[in-house]
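Based on these hints, arrange chain B on the given structure of chain A.
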Amino acid sequence: MPVDTLNGNKITEAVNAAIERHGASRDELIPILNQVNQTLGYLPADALNQISLRLREPRSSLLGVASFYHMLSTKPRGRHVIQFCESAPCHVVGGREVWEALQEELNLANEETSPDGKWTLITTSCLGICGVGPVIIIDEDVYGNLTADKVPGVLARYN
Amino acid sequence: MKYFRSHILVCVDPQCLQKGAHEILDALQDELVAEGLIDEVQVLETSRIGGCAEGPEMMVYPEGVHYVGMTIDDIPYLVEEHFLKGRIAKKFVHTEVTVVDEELRAPTAKEIRVVLRNCGKIDPENIEEYIAEDGYAALAKVISEMQPDEVIDTVLRSGLRGRGGAGFPTGKKWQLTRASSEPVKYVVCNADEGDPGAFMNRRVLEGDPHALIEGMAIAAYAIGAQQGYIYCRAEYPVAVSTLNIALRQAREFGLLGNHILGTDFSFDLEVRMGAGAFVCGEETALIASIEGRRGEPRPRPPFPSVAGLWGKPTNVNNVETYTNVPQIILRGAEWFASMGTERSKGTKTFAMAGDVKHAGLIEVPLGITLREIVYEVGGGLKDDKPFKAIQIGGPMGGFTPASILDLPVDYESLTKAGTMMGSGGMIVMDDETCMVDIARFFMEFTQDESCGKCTPCRVGTRRLLEILTRICEGKGMEGDIETLEFLCEQIKTNSLCGLGQGAPNPVLSTLQYFREEYEAHIYEKRCPAKVCKGLIRFEIQPGTCTGCTVCARNCPVNAISGERRQAHQIDPDTCIRCGICMQVCNFNAISIN
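Line by line, the protein sequences give chains A and B.
Each residue of the first sequence is one higher than the last, beginning at -14 in my numbering.
Each residue of the second sequence is one higher than the last, beginning at 3 in my numbering.
If you are wondering where the hints come from, they were derived from the structure by calculation, not from laboratory data.
Here a beta-carbon is modelled for each residue, glycine too, at the ideal position from N, C-alpha and C.
Check the hints yourself; a few may be wrong.
PhoX-like mimics (lysine-lysine), calculated; alpha carbons at most 25 angstroms apart, straight line [to be verified]: (1) B/Lys112 x A/Lys135; (2) A/Lys135 x B/Lys494; (3) B/Lys535 x A/Lys135; (4) B/Lys112 x B/Lys387; (5) B/Lys455 x B/Lys494; (6) B/Lys494 x B/Lys387; (7) B/Lys455 x A/Lys60.
Chain A is faced by these chain B residues, among others (derived, beta-carbon under 8 angstroms) [what the hints assert, rightly or not]: (8) Glu195; (9) Met275; (10) Gly278; (11) Ala279; (12) Arg295; (13) Gly356; (14) Ala361.
Next comes chain A alone, as it looks inside the complex:
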């Protein structure tokens, strides 16, 4: 989700929906953050503020949780998020070449978002589909048995 379209209303809507679904309880913090992160693509500072007020929980403690888990991001992400599985089973079947090809093709390093807001490149822990490694996930599409040669073709499917 591009950054510029994120106005205040959208954030409030996302926060309200998440709290309505899970309840305004400190115990539900991770499900709430997960949902907001999923709706908005990341956790903007304003979203954390609002959740903090609603749950009566200090912002610092929210930020502590948000920064602890890999899947929660406090930085904006691109329209398409590429997750590269960096686990050993993918590594031993040629993951490194794929990773290098991805970085080169996109001109991005790990955790970076392209200036045009199209791509974000991140690594992920094992996705459990090791039988078809090396594996990447773009948004929700899985690509297995990848090689460096196939990377440009896969990326070309997205606009």
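Below, chain B alone, put in the same frame as chain A:
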């Protein structure tokens, strides 16, 4: 003979041909080529599958799935679902079929399926299919005929030990939780299967969720809990949705909720999803995460069985542990104890990956040797390359060489050999793997996943990684091996939780079994497996080089020089070891030294 993991038989009867069977065949070929599956999946023509009326149609083996009614536009979806993701593309399935994918083959002679018995056999989204396989019979037996102490006694006698890796006797754990006088207790399932390469639990969660629910309900009855949680990692969205469907159906059937089967026993379950943190597989970190906090471990004791979730006594077991329980109740402790060794009973699931022919899930009786697992169950190494090492137990496990392939797989033997049972990841490596590089790779993982709470793990893993990186870059120094050993010992003894205590294992075990590779890297500045870029040189064999200039034209840094039709040279100082020259050379004139 060429080996294919799947065969697609496309019907070419007249009726199907009329509906575009040839176009389907072509589209399949193209898609398989595009996805790089053409060497794994064979497409054949056949006749009389029996669904021509709904054609075009095809059969996929070994699963025996009968697909009908697709158009060429559906082929990319079908190929992706079935052959990449390993899921049956339900909307094209002709009749009710058993669901098996390549992750889970038909068992070999050495295998026994207890935990995986229903996976791929039943529809996980239909509780009636589970019930038809004696599902919930154990729960019914327990709550109508057995006292909680009898249940615990049965589990104790079976010899079942924790399948999450540490191997603590399950019955003993239940006893401890039951013994507390606190009225509110919890059962928790650790489904945070984070070990790279381990996906046994995912298959159970996605393929037989009711077996887990039943096992947890039995545990709840035995320890006196009314509420339970399944903590599932966020990387498994399919498992979470399957579990939620299963929970809803179990409630509808009165197998969860108030007054289960009309008795006084009430119990309900909730799925909690993680947000991507490996350390949450540690039980105290997992509990912190369910409570909505940072998933950081805390010192034990007190153990969760005394003070766990929200300070209440909590029984935490792994998916596989709970899944064994209904079978133990139904078939008896003696049956379970008849499998395995003196102190390790029953079966264990493993996920085999790496350079092995049949990667995938297996379930074997404990006590089987590693050799039997790799060669008989796994079919040996890809391309019949020599076996170099096997890594067991995930990132906290160790690497063991060919000399201990005859080791029996049980908790004690593996620990003694410098590795561990762990949750069940197994990575097989051939002789093209550099052990220093792979130890560095594992250290990158643990360093990254260290939660940062305690210093030995946070700083220690970082220092280990720095030294290993230096060695791989060819900057290893005299004394590095000794420093590594000293650091490993310190981290092992002083870390708070299992992550830190286990983190040095990949380094220690490679130092123990592959010390000469470290020495070659440090003292001879040589990588025997020719993997570490800082230690290899690309060289052109003057006798073989024809001077065609292809390599020089493709070199991204212009490190190759030479006249046309004369042997070329690579300038090692400019060369970045990208290997492009080797790929483009048509005469195999470039070698790595």
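Hint check:
As the CA atoms of B/Lys112 and A/Lys135 are separated by approximately 38 angstroms, the hinted pair breaks the 25 angstroms bound. Taken as a hint, the A/Lys135 and B/Lys494 pair is broken in the structure, with Cα atoms around 42 angstroms apart against an allowance of 25 angstroms. Distance hint between B/Lys535 and A/Lys135 is fulfilled; the C-alpha atoms sit about 23 angstroms from each other, no more than 25 angstroms. As the CA atoms of B/Lys112 and B/Lys387 are separated by approximately 23 angstroms, the hinted pair is consistent with the 25 angstroms bound.
Restraint check for B/Lys455 and B/Lys494: satisfied, since their Cα atoms lie roughly 15 angstroms apart, inside the 25 angstroms limit. Distance hint between B/Lys494 and B/Lys387 is unfulfilled; the C-alpha atoms sit about 34 angstroms from each other, more than 25 angstroms. About 24 angstroms separates the Cα atoms of B/Lys455 and A/Lys60, which keeps this hinted pair within 25 angstroms; it holds. Hint status for B/Glu195: holds, given a least beta-carbon distance of 7 angstroms to chain A, under 8 angstroms.
Nearest Cβ of chain A to the Cβ of B/Met275: about 7 angstroms, under the 8 angstroms cut. The hint holds. For B/Gly278, the interface hint holds, the least distance from its beta-carbon to any beta-carbon of chain A being 3 angstroms, beneath 8 angstroms. With 8 angstroms as the threshold, the beta carbon of B/Ala279 comes within range of chain A, its nearest partner Cβ sitting at about 5 angstroms, so the hint holds. Contact between B/Arg295 and chain A, as hinted, is supported at the beta carbon level, the nearest pair being about 7 angstroms apart and thus within 8 angstroms.
At about 5 angstroms, the closest approach between the beta carbon of B/Gly356 and any beta carbon in chain A falls short of 8 angstroms, and the interface hint on this residue holds. The beta carbon of B/Ala361 comes within 5 angstroms of a beta carbon in chain A, closer than 8 angstroms, and the hint placing it at the interface holds.
In summary, the structure is inconsistent with hints 1, 2, 6 from the numbered list given earlier, while agreeing with the others.
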